[in-house]
Amino acid sequence: MKIAVASGKGGTGKTTLATNLAHFLAHSYRVTLADLDVEEPDSRLFLSGEPVEEKEMVKMVPEWVAEKCILCGDCQKRCNFNAVIQLNTIILVFPELCHSCYACSELCPESALPMKPQKIGTLEHIKNKTLDVIEGRLDIGQEQAVPLIAQTKGFINSLQPIPDFTIYDAPPGTSCPVIEATKEVDLVILVTEPTPFGLHDLKLAVETMRKIERDFVVVINREGTGNDHVARYCKKEQIPVIAKIPNQRKIAELYSRGELIYTQVPEFKQQLQKIEQYIMGFSQGGAK
Amino acid sequence: MKEVVIISGKGGTGKTSLTASFAVLEGVDTVVADCDVDAADLHLLLEPEVIQTDDFFSGKMAVIDGDKCTNCGLCAEKCRFDALHFLQGQYRVDPLNCEGCGYCSLVCPEHAIFMEEQNVGVWRISNTKAGNIMVDAALGIGAENSGKLVAKVKQEAKKIANQKGIDLILVDGSPGIGCPVISSLSGADFVVLVTEPTLSGLHDLKRVYELVKQFKISAGCIINKFDINRLVSEQIRAFLEEKQILHIASLPYDESFIQALTMGQTIVEYNHNELSRTVRESWHQVRQILNNDKK
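Protein chains in written order, with our numbering: chain A, 1 to 288; chain B, 1 to 295.
Read the hints as simulated data drawn from the structure, not as lab findings. Quick reminder that beta carbons are idealized off the backbone N, C-alpha and C, glycines included. Among these hints, one or two may not hold up.
[To be verified] To give an idea of the interface, some chain A residues facing chain B are shown, with a C-beta separation under 10 Å as derived from the structure:
| id | residue |
| --- | --- |
| 1 | Thr12 |
| 2 | Glu40 |
| 3 | Pro41 |
| 4 | Phe46 |
| 5 | Gly49 |
| 6 | Cys79 |
| 7 | Ser100 |
| 8 | Glu193 |
| 9 | Phe197 |
| 10 | His200 |
| 11 | Lys211 |
| 12 | Ile242 |
| 13 | Pro246 |
| 14 | Asn247 |
Okay, chain B solo, but in the shape it has when bound (with noise of 0.2 Å):
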């Protein structure tokens, strides 16, 4: 089984659009992971019907037992994260400060605190119009722990695939270098870095491309919009060249990309020019790197 992730360091640039493209085109044969679990959006290109959703359980947050508690103090002195206040007679949780470390729990004399699992999001399996399946997620409103979501999201997709045969994982990744993309990454087989000519996004790609690095695992890139400034394309098939990353495609600026995501649709059932023939090829080009690295 292969693992394909997405990303792209910056947000924008066209990665879910790509993605959801790749889904449409492989059907069937592609499990979809939705790990952009902040801002999940693939679902609003893919139709999913959900078959399936569960609550997802994740840290802890303290929680103070007022009969008990002798307002002694000590857990608000201890805590690293400002989350114990005296306020109106009693000592409360700042629920958007406590990091759910337990250090207030353990040292509280009158073991006034627990600690409280706390549910951070859902995740939701799904069939999609495409035939894929779907996984994708949906975290809590402020929630942390979104590494641990996509951590979730990654391994029912994998445990679906294996029930069915299926051979490819298609991941869609959040923006960032941070957590929730290290997650994205850990066990992937080939990373698509979607970016854009301008400063930034060549900034952010090069930052992407050294946690890619990190993990060893080969990458090619999608240049979006590459006549926007095509001296800064240039610079970044440069960089691509040094790096030793394949350069899949440049695709033009093309407003018919908004036009497809306003009536729900990818570009390759929208369009049927130039541009989502290019898409098409790119995604070939890729499938047929998984498919001659057989291990």
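Chain A with its partners taken away, still in its complex shape (with noise of 0.2 Å):
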């Protein structure tokens, strides 16, 4: 089963309910937890284990074989995203620009652009016992999350043997990254907290999650501070509330240490049980 552990607003506590309910269940389960927020990974300050893999992840680009070339501008008109310009004579290429689909490439009459790989960021396997840790991370400069997330996310896909829950901790926002990060798993959860910054963006992510028509489920952390009008609002419309995670200054404390909470904190404890059992109900078919 896949999960992914979402929210509209960053630091809600994604990656502090992601950690900790890899590290949880993998007491039990085989897991694999991905650092899907490539951007900003952070999962393993959380999670410790020993080093499996390192590899660079590429993207592949035109690069311009100047001998080849006729200059005949079909490459500039080809590309959508103004990647590939011609400059009088010389054709120049910007990979950061560049969505690597190919059309300039295998459409030039002369073969004069092939593409290359460039780096974009690397990967990173670490393994302890049951619990696999797989990293994204792009490299800085690089514009475009949405290569190296569905990468990693193939990574994934390609392991032996398939663990009993793959977790993503997703980037934030709802635009393309969210969504390579969510399109095809079985549940996400949306972690958000009872403030109206925390509500409004829930909103979008409900929104999001209803266009891509994935199931999901929201956990509210800081419970106690704000207000109840997240907790009024999924009772509205009818999007459970699996567990709500108390506001307490000791889970920010060890947080800020890059402790995992639920080992240390019996309610926090509490409430990844909530979210196993309801995890476990809707893996057996039983959702909602």
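Starting from two chains that each stand alone, build the complex the way the hints lay out.
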């Protein structure tokens, strides 16, 4: 079963939940945690393990071969992303704008734009008994997170044996990186906080999940601050709130030190048990 | 005209609460641009009265003309994004996967595929309760091209500032280091980095600062909730010193941020004690730097 932990707003506790849940479930199951927040991956600050593999991740971009080029200009016309520009007698390629569609390369009459790999980030795989942790990390200055998220997922799908649970720590927001991280999971857990920002961004996340037709539930973090508008909204929209994590300074302090919470805060562990119960019921077809 | 961008790398560090406070302190003297177009929240604190709304078109999506299509399948063969599938007797475009590259439309022998311009969101101009003009946007759900929408918001903010003779633009950026952040940073004069003393806060600060450095923009940093972890706070101070980033202020962990937010207020409106004073002083420091930097 694949579960994504996501949220519209940043800083609501996605990584806290994803890492603790993964570690907690790994006592009884085989679990893979994948950090798909490739712009700012933080999961590994909380989870340690033996290094298994580290590799460079690339995307394919065209490279101009001047000797073959007849300067017909078709490549520039074909590129919808302004990544290939003809300037008098040279062709300029802007790799950061390229989406790797191959149109310029494959349609070039002289094969003057062969596709070449360009590094966009790294992938690291560490293992701690029944818990595999995979992290995608985008190189600084790279604009596009989506290709790296897609490749990181591809790597996970190729792992054997298949884990009982794969948990994705998704990026914040509602745009293309989130869609890429959530589009084929079985269940999305939206983490929010009971504040006007939390509610506003939760609504956006809910709309997103409805649009891509994912099953989703809500976990309210920092319960006890703010107001009850998030809980009321979820009730009205009939969205299950499967856990409420209390607002405790101790949790914030443990998090600040990169420590797991549930081993030290019993109330937090209780909430993870509730989440486990829900997802077990869900995986056996008893959704909602 | 000066452009100040407030970013954090990590989400939830207090970026928007501080931007809104700065906007309230500046009032009519600044144009505010909410460039967190994924999840724009400034409006929740600044009570904007919208005076103009426009659709934003960017990027394309393949549309198949079923009458012309002969189901040859060449489009699906060429597509690198798994966006074309043979379903219920004909080829269809999966809008979530279509990247808008147009390769399918270029190779279709029947010219049965055309590329349709996408409405990816709206942008708005408003008057806020603090007297600022604000430009913000809402990216369509699941839409792409957030970087381009950010560029649009900034461009409109600049246009207004020029027309009205306003010399400051305050930009609320988005979390991360990807295209919307890069777009927010381009052309900025000063960056305020908002962080928190957590290992992830520090980790994310370092990454986003690397990006700021590539743009050669000078930066200052506000450490929020500094007393949650004094040790990491010290590590952040050391990092700032090493990189010659101005340490603007350290703010304590204070529930009144959330209480203010719940009332729809900024901290400088809600609270008149030490915390509010520190936020004011922080802003005055940034203002001072901008005033001294006459270029």
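When the structure is checked against the list of hints, which entries are broken? Sort them ascending. As far as the earlier hints go, 5, 12 and 13 are violated by this structure, in ascending order.
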